[in-house]
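The task is simple: from the sequences and hints, build the whole structure.
The sequence shown stops at residue 75 when you use the UniProt record's numbering, and every number in between is there.
Don't take every hint at face value.
[Said to hold, decoys possible] Straight-line Cα separation of at most 16 angstroms, EDC-like style, residue types lysine to aspartate or glutamate; simulated pairs:
no., residue 1, residue 2
1, Lys4, Glu64
2, Lys47, Asp62
3, Lys36, Glu64
4, Lys59, Glu45
5, Lys32, Glu43
6, Lys32, Asp62
7, Lys4, Glu16
8, Lys4, Asp62
9, Lys36, Glu16
10, Lys59, Glu16
11, Lys27, Asp62
[What the hints assert, rightly or not] DEER-style ranges, computed between Cβ atoms:
no., residue 1, residue 2, range
12, Ser9, Asn51, 28 to 34 angstroms
13, His54, Ser28, 17 to 23 angstroms
14, Asn51, Gln6, 14 to 20 angstroms
15, Lys27, Thr50, 17 to 23 angstroms
16, Gln55, Trp24, 17 to 23 angstroms
17, Asn53, Ser15, 24 to 30 angstroms
18, Ser15, Gln55, 27 to 33 angstroms
19, Val10, Lys59, 19 to 25 angstroms
20, Ser9, Glu64, 17 to 23 angstroms
21, Ser35, Asp62, 16 to 22 angstroms
22, Glu64, Val10, 18 to 24 angstroms
23, Asp26, Tyr60, 26 to 32 angstroms
For the record, the hints were derived by calculation from the structure and aren't laboratory data. Here a beta-carbon is modelled for each residue, glycine too, at the ideal position from N, C-alpha and C.
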Amino acid sequence: MPKKCQLGSVLSYGSEGTVYSGSWCDKSAAIKVFSKNYIHRAENEMKLITNFNHQNIIKYFDLEYEPGYTVPSDP
Numbered sequence: 001m002p003k004k005c006q007l008g009s010v011l012s013y014g015s016e017g018t019v020y021s022g023s024w025c026d027k028s029a030a031i032k033v034f035s036k037n038y039i040h041r042a043e044n045e046m047k048l049i050t051n052f053n054h055q056n057i058i059k060y061f062d063l064e065y066e067p068g069y070t071v072p073s074d075p
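In structure tokens, the structure reads:
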């Protein structure tokens with residue numbers, strides 16, 4: 001996991017990955033960790049939400065690849 005991210009408790013999980021509460025650059029954040037098989041979907045999702053600007057849609061900040069990182073086991 002990138003050093004600027006700290007994972008907290010699990011908020012949600014599914015076949016694509018797990019969403020955690022946590023922090024990113026010392027700010028509260030929801031952090032989505034995609035399963036290895038869904039990285040291509042992660043890229044597409046980030047391209048879509050980059051331009052969203054609505055009060056009911058969370059702000060996208062960053063997409064990082066961490067070689068060798070394994071997704072924590074689903075709860």
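How the hints compare with the structure:
With a C-alpha separation of about 11 angstroms, the suggested pairing of Lys4 with Glu64 holds against the 16 angstroms cut-off. Distance restraint check for Lys47 and Asp62: the Cα-Cα separation of roughly 11 angstroms lies within the 16 angstroms cut-off, and the hinted pair is therefore satisfied. Annotation: proposed proximity of Lys36 to Glu64 holds, straight-line Cα distance about 13 angstroms (limit 16 angstroms). Distance hint between Lys59 and Glu45 is fulfilled; the C-alpha atoms sit about 12 angstroms from each other, no more than 16 angstroms.
About 12 angstroms separates the Cα atoms of Lys32 and Glu43, which keeps this hinted pair within 16 angstroms; it holds. About 11 angstroms separates the Cα atoms of Lys32 and Asp62, which keeps this hinted pair within 16 angstroms; it holds. A C-alpha spacing of about 22 angstroms is found between Lys4 and Glu16, which places the hinted pair above 16 angstroms, so the restraint is violated. Of the supplied pair hints, the one linking Lys4 and Asp62 holds, its CA atoms being roughly 11 angstroms apart against a limit of 16 angstroms.
In summary, the hint linking Lys36 to Glu16 is supported, as the alpha carbons are separated by about 8 angstroms, within the 16 angstroms threshold. The suggested pairing of Lys59 with Glu16 is violated, with an alpha-carbon distance near 20 angstroms, which exceeds 16 angstroms. Distance restraint check for Lys27 and Asp62: the Cα-Cα separation of roughly 13 angstroms lies within the 16 angstroms cut-off, and the hinted pair is therefore satisfied. For the hinted restraint 28 to 34 angstroms between Ser9 and Asn51, the CB-CB distance of approximately 30 angstroms keeps it satisfied.
Here the CB-CB span from His54 to Ser28 is close to 19 angstroms, well matched to the stated 17 to 23 angstroms. Look at Asn51 against Gln6: about 27 angstroms separates their beta carbons, and that is not inside 14 to 20 angstroms. A beta carbon spacing of about 18 angstroms between Lys27 and Thr50 agrees with the range 17 to 23 angstroms that was offered as a hint. The hinted window of 17 to 23 angstroms between Gln55 and Trp24 holds, with their beta carbons roughly 20 angstroms apart.
Separation of Asn53 from Ser15 is about 29 angstroms and conforms to the stated range, judged on CB atoms against 24 to 30 angstroms. For the pair Ser15 and Gln55, the beta carbons lie near 29 angstroms from each other, so the given range of 27 to 33 angstroms is met. Between Val10 and Lys59 the C-beta distance comes to about 21 angstroms, which sits within the given range of 19 to 25 angstroms. Evaluation of the 17 to 23 angstroms hint for Ser9 and Glu64 yields a pass: the beta carbon distance comes to about 21 angstroms.
In this structure, Ser35 and Asp62 meet the distance hint of 16 to 22 angstroms, their C-beta atoms being roughly 19 angstroms apart. The hint said 18 to 24 angstroms for the Cβ distance between Glu64 and Val10, and at roughly 19 angstroms that hint holds. A beta carbon spacing of about 18 angstroms between Asp26 and Tyr60 contradicts the range 26 to 32 angstroms that was offered as a hint.
The structure fails hints 7, 10, 14 and 23 (numbered hints given earlier, in ascending order).
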